[in-house]
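Work the whole structure out from these sequences, hints included.
There are 2 protein chains.
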Amino acid sequence: MSFKQELEKRVSRINDIISGYLPREEGYYKTVLEAMNYSITAGGKRIRPMLMLETFCLFNGRDYKVLYPFMAAIEMIHTYSLVHDDLPAMDNDDYRRGRKTTHKVYGEAMAILAGDGLLTLAFETAAGAYEKVDGDPETALIVYKRILRAYRILAEKAGVHGMVGGQVIDIEFVGKKITKDRLDRMYLLKTGALIEASMVIGAILAGASDEDIDVVRDIAINVGLAFQIRDDILDVTSSDEVLGKPTHSDEKNDKPTYVSIMDIDRAAKEVEAVTGRAVKAYESLPYKNDFLIDLIMYLINRER
Amino acid sequence: MSFKQELEKRVSRINDIISGYLPREEGYYKTVLEAMNYSITAGGKRIRPMLMLETFCLFNGRDYKVLYPFMAAIEMIHTYSLVHDDLPAMDNDDYRRGRKTTHKVYGEAMAILAGDGLLTLAFETAAGAYEKVDGDPETALIVYKRILRAYRILAEKAGVHGMVGGQVIDIEFVGKKITKDRLDRMYLLKTGALIEASMVIGAILAGASDEDIDVVRDIAINVGLAFQIRDDILDVTSSDEVLGKPTHSDEKNDKPTYVSIMDIDRAAKEVEAVTGRAVKAYESLPYKNDFLIDLIMYLINRER
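Each protein sequence line maps, in turn, to chains A and B. Following my numbering, the numbering of the first sequence begins with 732 at its first residue and continues without gaps. Following my numbering, the numbering of the second sequence begins with 732 at its first residue and continues without gaps.
Derived by calculation from the structure, the hints in this document are not laboratory data. Be careful, since some hints might not be right.
Here are the computed lysine to aspartate or glutamate pairs in the EDC-like style, where the Cα-Cα straight-line distance is at most 20 Å [said to hold, decoys possible]: (1) K835(A) - E839(B); (2) K1011(A) - D945(A); (3) K835(A) - E903(B); (4) K835(B) - E839(A); (5) K876(B) - D794(A); (6) K761(A) - E903(B); (7) K876(B) - D867(A); (8) K761(A) - D912(B); (9) K776(B) - E972(B); (10) K1011(B) - E942(B); (11) K908(A) - D994(A); (12) K761(B) - E887(A); (13) K1011(A) - D943(A); (14) K911(A) - E1001(A); (15) K876(B) - E862(A); (16) K986(A) - E839(B); (17) K796(A) - D867(A); (18) K761(B) - D915(A); (19) K761(A) - D915(B); (20) K876(A) - E869(B); (21) K976(B) - D915(B).
Just some of the chain B residues that point at chain A, by a computed CB distance under 8 Å [what the hints assert, rightly or not]: (22) D847; (23) G848; (24) P868; (25) A871; (26) G896.
The structure displayed is predicted, hence computed values, not measured ones. A virtual CB, placed ideally from N, CA and C, is assigned to each residue, including glycine.
Structural data, given as structure tokens:
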């Protein structure tokens, strides 16, 4: 099977897994459930749960019942962040993944609540992993510890010292000059934090050693940074149709990006250099997962 | 010591506990940290952590190290819900607890992110409880299970099938006629869910039996309902100064409340009847905590 076919197969499998954790659209408050499902089924690339799954496989993880809730949870967190990011008071975007944004369809109040609902459902879903623990008490104790550790990382990386912190810097630096160093720090939080959480949680739940988890963190940080610089490049080189959202939005919003502080060729060279660091870290591990490294290369060189 | 003195002592103790989990206002994204701390230190009554603590004491809970993070977490969740509720797209309130609302001070984008940050920090803080577990493996296993169970309830009751669901109904019924039955269901979610989570988590972490936890849930549901009806009454009978926020806001916003579907005297009788159910459930328990029952009576008869 080609990489593209493998990728499609996995996206479809991940969509099935996520579907199992989505709310049924019924009851007095079904509008918000519709808005949540509208946002999360908008056809995302499922990068974060895929990285989690592939890192889990890299370390020969076996206990998928415990992994699946976390895969759904990370995608819910990613989706909530997009719903809130698109709000008029934030980036004020009308389109996302080729469809109207959540607040354009359901109104602002419902979009705020749908985001809150997805974020909370993420933690509820991940907490449900504990009901899947079986085996003797000794094994159960190990698995509970892994779940709680994964849980803490999920919350930390989604929060103010992770993704939310990155969004704050993103907003505060609109229209301002920024150094490459500070831009890197912002990207490590805004985009890097959830990618880091995805890969580190995959490793933790598979039972990787602390030493190997440190290497995974190193890979993830560089993947996140390269991914975001690639995003900056696509915002100026791609078209609205290919990207499914308006291009040149960073320029329009006066946001500092790699492309605003250096020319596109140099930004592309940065992607290469950062990618090189990720690959080097990956190669230092005694484990291999060919699909994971193909996926990383694909993300970093993607056209949309 | 009088009840008022006991209450003040406990509020002050709870404030100290919460403070220990608040972020330090430093770094590139310190604006959001300031906004979060501004919201949570605005002088709330700390009802939810207090109910959690007192329920924990009712069942002779001993492991305070595991309880404290959950006490801070429930107050963070309550605070985030107020910050988002006050937003222009939601209730559009300028004052809360006698101070300007978060978005009036920090702007809308930062208020959205401060709410997101508080909600996420709640789960991060509660997840941190697992680091406080000590003792032999057998005991640790029991405590981990309790933490994970408490965690799941925290997320569930804060989410779409809890508080967020209640807020959705609240918004959707603006300007519409509502039956008492549906209003009760809305209150059970909007206000009741977090009070239920508080008391049930206190019981779980203290090691209460499943049977006793069911009784606690019954008490909490009725306390939440009585508390909210009392809130409806105060909105029309109190003054802006005493309440610290504009009165008659439900009427202004055309929200269905107990006072909009019946007269004040009948609403007060409903409070009494619902309270009676809570007290009866409490009295069926073989445990006693005089302060808890005084607290419940105080909440239900409060003047602000």
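>> Need the list of violated hint numbers for this structure, in ascending order.
In response: 21
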